[in-house]
Amino acid sequence: LNFRTKLLTHNTMSRISETIRDDHRQLDQIFQAVRSARTNQERLQWSKAFAFELARHCISEEQVVLPILEDTLKDGKDRREQMRSDHKSIREKLHKLMLIPFADVNFNQELQALWVDLSAHIEDSETDDLVTLEGSLSTAESKSLSHSFCQAKMLAAVGEHPQHDGIVHPADLLREFLSISGDSAAALDSTLGEDSAGTLTKRPRKTQ
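First residue of the sequence shown: 15, per the numbering used here; consecutive thereafter.
Wrong hints could be hidden among the right ones.
DSS-like, lysine-lysine: derived pairs with alpha carbons at most 27 angstroms apart [claimed, not checked]:
no.	residue 1	residue 2
1	K102	K88
2	K91	K102
3	K157	K107
4	K107	K91
5	K157	K88
Just so you know, these hints were derived from the structure itself, not from any lab.
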């Protein structure tokens, strides 16, 4: 199965809360891989994967989860604004992190600062927002929302070139997600080991 089929096949059996929890566990696994990397090359590989998957996750939440929170729950507007605030803080910290060379002594400190914000967002999402949202959805509605979330992630990965199965432009996605341009874009490319055109890069294998 290619990665699109895997996403959608898994999704046919999953509620939205399960799908997002799975995404959170994947982010945690990749974060731990960055922390335990023994070489700069390993850190480069896993940092790319972490930034890319985090961007896809946030983009998909904003496109799929935020609107349904606002439309479905009485306090949905407040929950949407809180999640937007979480994403803003995560973006800012990821932006700062991705402009630091992986061998820099400050990299681990900034990585941990990002994880503090992200882990708080994950806990709030799993113990409050998703629980409350699931209480207002039927099984069919939840699975449909999960399907939409997976589709949003897939589209973030392949962009307008779905023929490139499993191959993406991490630098391009991150530039857009982090609103990076000019000198900062050049610094990001340098950090990621990309050329200015966003060299095609295969995604690292996920840990099991």
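Cross-check of the supplied hints:
1. About 23 angstroms separates the Cα atoms of K102 and K88, which keeps this hinted pair within 27 angstroms; it holds.
2. For the proposed pair K91 and K102, the alpha carbon gap of about 16 angstroms is at most 27 angstroms, so the pair holds.
3. For a cut-off of 27 angstroms, the pair hint linking K157 to K107 is broken: about 32 angstroms separates their Cα positions.
4. Between K107 and K91 the CA atoms are separated by roughly 25 angstroms; this keeps the pair inside 27 angstroms, and the hint holds.
5. As the CA atoms of K157 and K88 are separated by approximately 22 angstroms, the hinted pair is consistent with the 27 angstroms bound.
Violation of the numbered hints given earlier is confined to hint 3; every other hint is satisfied by the structure.
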